Structures are given as C-alpha cells and as structure tokens.
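Asker: Take a look at the letters that make up each chain.
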Amino acid sequence: MSTTSDRVATPFLAADDRHSDLSTHFEVEQFYYREAELLDECRFSEWLELLADDLVYWMPTRTDRLRRQQALSVAARGEAAFYDETKSSLEWRIRRFDSGTAWAEDPPSRTRHLITNVRVRHANPTDDLAATGADGDTAVYAVRSNFLVYRNRLQREENLFAGERTDILRRTGDGLLIVRRTILLDQNVLLAKNISIFF
Amino acid sequence: MTSTPELAGRAGRPTATPAGPLHRPSELTPTIDVSGLVDADGGLLDRAIFTDHQIYQQELRRVFAPSWLFLAHTDQFRRPGDFFTTYMGEDPVIVTMDKSRAVRAYLNSCRHRGARVCRADAGTTRNFTCTYHGWAYDLEGRLVSVPNREGYPDRFDTADWGLVEVPRVENHRGLIFGTWNPRAPSLREALGGMAWYMDAMLDHDGAGTEVVGGVHKWVLEGNWKLSAEQFATDWYHVNMSHASALMLLAPAGKSPRDEIVHRAGRQYVDPNGHGAGFPVHPKNRFDALAVHQWFDYEAARARLGDARVEGPMTNGHATVFPNFSYLPVNGSVRVWHPKGPDRMEVWAWTLVDRSMPDEVKEAQRLYNLRTFGPSGVFEADDGENWSEVQAISRGFVTNSVPLNYQMGLGSEREDGRYPGKTSELYSDAAGRAFYRRWQSLMNTPAWYEVDR
Ligand code: FES
Ligand SMILES: [Fe+2]
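Quick note, the sequences are listed as chains A and B, same order. Taken in order, the first sequence gives residues 1 to 199; the numbers are from our numbering. Taken in order, the second sequence gives residues 1 to 452; the numbers are from our numbering.
Just chain A, with the same shape it has in the complex (with noise of 0.2 Å):
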C-alpha cells in the first residue's frame, strides 16, 4: 500500500539515501527560519526571492477514503489543490496585497510560522530537476519539514495549520533557492474561510 507521503514526493522527488553533513542541514534549518520571518513579517517581495523561477508550489486537498483506497486520500497532480502555482502565479497574487483593496488581508493577518522535524536528503543529481536548473547546479536537496502556522486576524479569528512540507532546494550562486514545494496540511474540509497566507 501506498503511503501518503509517496502519493506526494513521486510527482516530483527522486531522493537516493544520502542524509546531508551537518553544516549543509544548518544552513537549510537558518534557510527555513529566515523564511518564516519573511512570511511572518509580510515581506512578501523578499520571500519571493528565496523561490526558484521553474517554481511548482503545490498544496493538494485531501479526502476521507475507504482503507484500501488510501492511495487516492491525497488529490493528484491536475486534481483539486488549495494552491497549485508557479513563481509567477505567486507574483500575481502578492500584487494584490499592495492594491490597498484586499480586504481579507485588511488589516492583514498575524502569522507564526514553525519550522520542526527538518530532514535533508541529496536528490538524485541525474534528476530532472538540476537538469531544468540554472548553469553549474550540481547540490539539489530533498528537504521534508513539518510546520505548524497560527493566524490571528482581526480582534479574535484564529486558524491552526499544520502540516508538511516536501522541497526540493537547489544550490545556486546566490544560495539555497526552494524549486518545488508540496505543501501537505493535515485537514479534509479547510476548517478557515480562506488561505490568504503562505506556507
């Protein structure tokens, strides 16, 4: 039987076995923890610099199935996602922000992200994905992180997201850059009236 985290990573991760040294899971922990606080802090334009231009960010829905139709539990490539998006998709709705009109993020949300249980794996260097890359990648991680991501809005809405993430991270001149992230979150029906954050 297929597990749910194999329905997510086979789109997209070809992992081989290797754990990263010490200092390369540091320097991806310090990546996470300075993203949260880009998020946290609305730096939106700056987040969107940490995100690789051949982007696939994908946070599928989720089902309740019969136990031996688990395999379907996770909605595939192509079927319902709460985001399905490329850099420029992301761009797009960041614009919105700046409008002064959007109102479900005006006054715009408090957010914590927390970034745990952080695990850093070499991807297959023959992968697609340091194929699509720019010149000279050769260090691409599988990164799995669990996240945790409370909301506060106005004077008393609150929304408890947790979840997983599953990147795949290239190294590049200017550092570590997020190439595909599926977002994972532990819910079936979205217990919030909408997702206006980012994970």
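It is worth saying that the hints were derived from the structure and are not from the lab. The model shown is predicted, which means the values in this text are computed figures rather than measured ones. C-beta: ideal position from N, C-alpha, C; glycine also. The reader is advised that the hints may include incorrect statements.
[Claimed, not checked] Examples of chain B residues lying across from chain A (beta carbon under 7 Å, computed):
1) Asp121
2) Val211
3) Gly213
4) Leu220
5) Met247
6) Ala250
7) Glu384
[What the hints assert, rightly or not] Listed next, the stretches of chain B that the computed footprint assigns to chain A, with coverage defined by at least 3 CB atoms under 8 Å from CB atoms of chain A:
8) 50 to 60
9) 289 to 295
10) 331 to 345
[Claimed, not checked] Non-contacting residues of chain B with respect to chain A, defined by C-beta distances greater than 12 Å in every case (computed):
11) Arg119
12) Ala120
13) Glu170
14) Ala184
15) Trp196
16) Val212
17) Glu221
18) His242
19) Ser244
20) Ala245
21) Pro374
22) Gly410
23) Arg413
24) Trp447
Using the hints provided, position chain B with the ligands relative to the given structure of chain A.
Answerer: Then chain B with the ligands, alone, in the frame of chain A:
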C-alpha cells in the same frame, strides 16, 4: 401494529419508514410565522432570519426538505459502486450508482442505531457496512446482512429496514439534484425559466460538462443565505469587494473601475427564488486565455443564440434556490451547506466542457483555483464579507436594524431579449424574489405536515 410502510409511516415524518405507534408531539417543531421578517415588496429584511435558532430549524424542515437540492455531477459516477457522500440540508446522504447504473441517493444513517454507514468522502464499494454492529446494505439500499439475525422476532423483516432512499433524484444536463418531497414538481419544472440561463453554462456544444479535480471544501462563519442570496442578486459588490482582484485582471494601464463599473447587463428574477446576473456585451469573453482562444463563439451563437453568448454564458453569477450557486466564466459550481444559523460549509466543483482538450481544461482549473475557491483572489474577499456581517449580527440592537434590498425596486420587466422577468445588472430584484420564496416556504406546511 404493522410493519407495512403505508400504514405505519408519516405521522408528521418526512420519510415513509415504519414508525409503529411513534408520533412526534407538535411542541418539538414549533412554527414561527415569518410574515413580519421579510418585506419583499418594500425591500426590507429583518436580520433575525440570519441568527435565530428556531428559524433555522424551521428552514431545515420547510425550505430544505421540500426543495430540490444539488447532490453531485453525473461525471462522479462512472461504474456501479462509485459513491460520493454529501449533505441535503444537515442530513448526510450517500449518492451512488447501483448495479443497473442508476444514480440513487440514501440517507447516510444506519436503520439500527443511526450511525453513518459510509464515512469516506468518495470511492468505490460493493456495499455499505455499518461499523457499529455490522448491518450491511447493498448498492440498492437493501439490508443484506444482520449479525445475530436469529435474535430478532419473527415479524422483523429486513425489507422494512433498508437505507432510507431519497425518493426523487433527477439530473439536468449532468447536475444531479434530489428532494425528499415525493410531491415536488419535476426538477425541470422546478428550475423553470432558470434552465435557459443555466444551459448557457452547461450546453455550449451538446457534449456536456465534466468535473475536473474533485471538490474544494471549506468553512465560513456565516448564514447560508448570505452567500446564496449574493450569488442570486449581487453584482453590486464586485467593484468594491473585489477591487484588488479586478486590478490583477485589468489590462495594464487601465483602471479596473472604468473597465467594470459602467457595464450594462441584466438580472434574471425567477418566481421560484432563483436568480442570475450578467453583464451584456457583444464581446463578452471567457477570462482564462486558453479557454477564450479555444472557444468557438460563433458555434455557440448558433446553438445558444446571441443573447446568451453576449450575456449569461461568460461573466456573471447565479443561484438555484435554495443553496446551489455557480459562476459560468470559470465553471465554479458550489453548494452552501447549512451548519447552524451561524455557519456554513462551502463545497465547490470546477466544471469544464467535455469537448475541451486537456490543456484547456487544465487552464480553466487553474484559473478557477486562483480566482475562486478558498485561496482565490476573488473568493477570499467574499468570505470576509459574510463572516463580518454574521459576526456582529448577534448584537441585540444591531440585529433589530432592518437591511436594505431596495435597489431596482419596480424595475423587473420583460425586456424582449432575456426570457422571464429581468431587472438591471445592479439590482436587488433577484434577492427580493429569493426571500419572497423563502418566506412562502417557511409559512407553508411541508408535504409531510399536510399528511398528518
Ligand atoms: S448502528 Fe448500524 S449496525 Fe448498529
Ligand atoms: Fe464576490
């Protein structure tokens, strides 16, 4: 006592299940006269209809139970045993294809002690087995297995204890609706003049529609009528509520307000409470570029007529009373499931033309996901409105101040182009008709009350 359904059913109950000598005291279902809460002629509404618990209970009994309610799309059932679970009002139902390939719907509640017999959202199965004591039902709803069957008395007949079936299930161009009301007019009759407007989305080329990608589900802290009414009647909010999204869609260098504000259009006002509004322009287009480039507008003109292609085929909004709404430009169809007076759950599907090439379907799916749906740049701001209106309406004084539905009062007329009564694009006319229908149902005993 008898187990014959004709003799033992009803007694004020909406289903013909054997009830023996059981009968519900009328105190359990107090009825409120809502005449004074809706002034459809004058365009005034009392906010109590969005907050009161007794009114909500009465809505489940008299608005939801007797009406045709959207269940699913025919595309979700391809072979026997395919099922999808949803709600009719607050009642959980299973929609499935039986062995003869008929789509049927059953109350998702075991006839023994009432547990749900199917707890998956969708899938394929041979039967529905209750995980409480193990009663099992087949795709035809028959009770086919009862552990310790010999423990029951002789007069216990499994034929009396099948799943409660939704007595009427019909579809209009792929949209499946069901009703508990055995005396309801046919679905087609209930849709009435609204079908002409719906077909502008559902019947572009005769090949029909299909679902892409499953169902988006999310919660909103608002009364279901706020959104159902808005989709029936409210183009007015677009310019303000969606200013930021319109900015994203506007051609570079053009102010979105000029683009949208001065649009002319019509709003269809259906006597059964349905409504649809749409700008009218000979160059109205699908928003998603790939859809626009693929679409054969000339062929659509030949099939649907100029009026529909220039109006309700692309931009616009619509509600089929009570709680089914859609947006033709991106194929978003949704149900506003009531979850108490203060809450609803939105379930949204994306429909595309079956005839579209895969990459066009994909473009429509992505466009819909990015504009409507929980992360959509339009939809996010809608949810904000409804939860805001709901949150403050508990205030005693706030709740007592009437709301205004007076735009376009008296403007409904036959315009010679769009069938039925229509009003201006910017109008509350379909909203007034929505609440007139609501009021009439709320004050009319449902079929099972008349049987008593
Ligand atoms: S409740 Fe279903 S078998 Fe008892
Ligand atoms: Fe809207």
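Asker: Over 12 Å to the closest beta carbon of chain A is the bar; see if glycine 410 of chain B clears it.
Answerer: holds, 32 Å
Asker: Please confirm whether histidine 242 of chain B is truly not at the interface, meaning its C-beta sits more than 12 Å away from all C-beta atoms of chain A.
Answerer: violated, 8 Å
Asker: Is the hint on glycine 213 of chain B kept, meaning its closest Cβ partner in chain A is under 7 Å away?
Answerer: holds, 4 Å
Asker: A closest beta-carbon separation below 7 Å is what the hint needs, so does aspartate 121 of chain B meet it against chain A?
Answerer: holds, 4 Å
Asker: Does the CB of methionine 247 of chain B sit less than 7 Å away from some CB of chain A?
Answerer: holds, 5 Å
Asker: Residue count check for the stretch 289 to 295 of chain B against chain A: does it reach three with CB-CB under 8 Å?
Answerer: violated (count 0)
Asker: Please verify that the nearest CB of chain A lies beyond 12 Å from glutamate 221 of chain B's CB.
Answerer: With a cut-off of 12 Å, glutamate 221 of chain B comes too close to chain A, as the shortest Cβ separation is near 7 Å.
Asker: Glutamate 170 of chain B clear of chain A by more than 12 Å, beta carbon to beta carbon?
Answerer: Since the minimum Cβ distance to chain A is about 26 Å, glutamate 170 of chain B lies beyond 12 Å and the statement holds.
Asker: Would alanine 120 of chain B pass as off the interface with chain A, using Cβ distances and a cut of 12 Å?
Answerer: violated, 5 Å
Asker: So, alanine 250 of chain B near chain A? Judge it on the closest CB pair being under 7 Å.
Answerer: Alanine 250 of chain B check fails; min Cβ-Cβ to chain A is 11 Å, beyond 7 Å.
Asker: Please confirm whether arginine 413 of chain B is truly not at the interface, meaning its C-beta sits more than 12 Å away from all C-beta atoms of chain A.
Answerer: holds, 34 Å
Asker: Can we trust that valine 212 of chain B is non-interface, i.e. its beta-carbon lies farther than 12 Å from all of chain A?
Answerer: The claim breaks: valine 212 of chain B does not keep its Cβ more than 12 Å from every Cβ of chain A (closest is about 8 Å).
Comparing the model with each numbered hint stated earlier shows that hints 2, 6, 8, 9, 10, 11, 12, 16, 17, 18, 19, 20, 21 do not hold.
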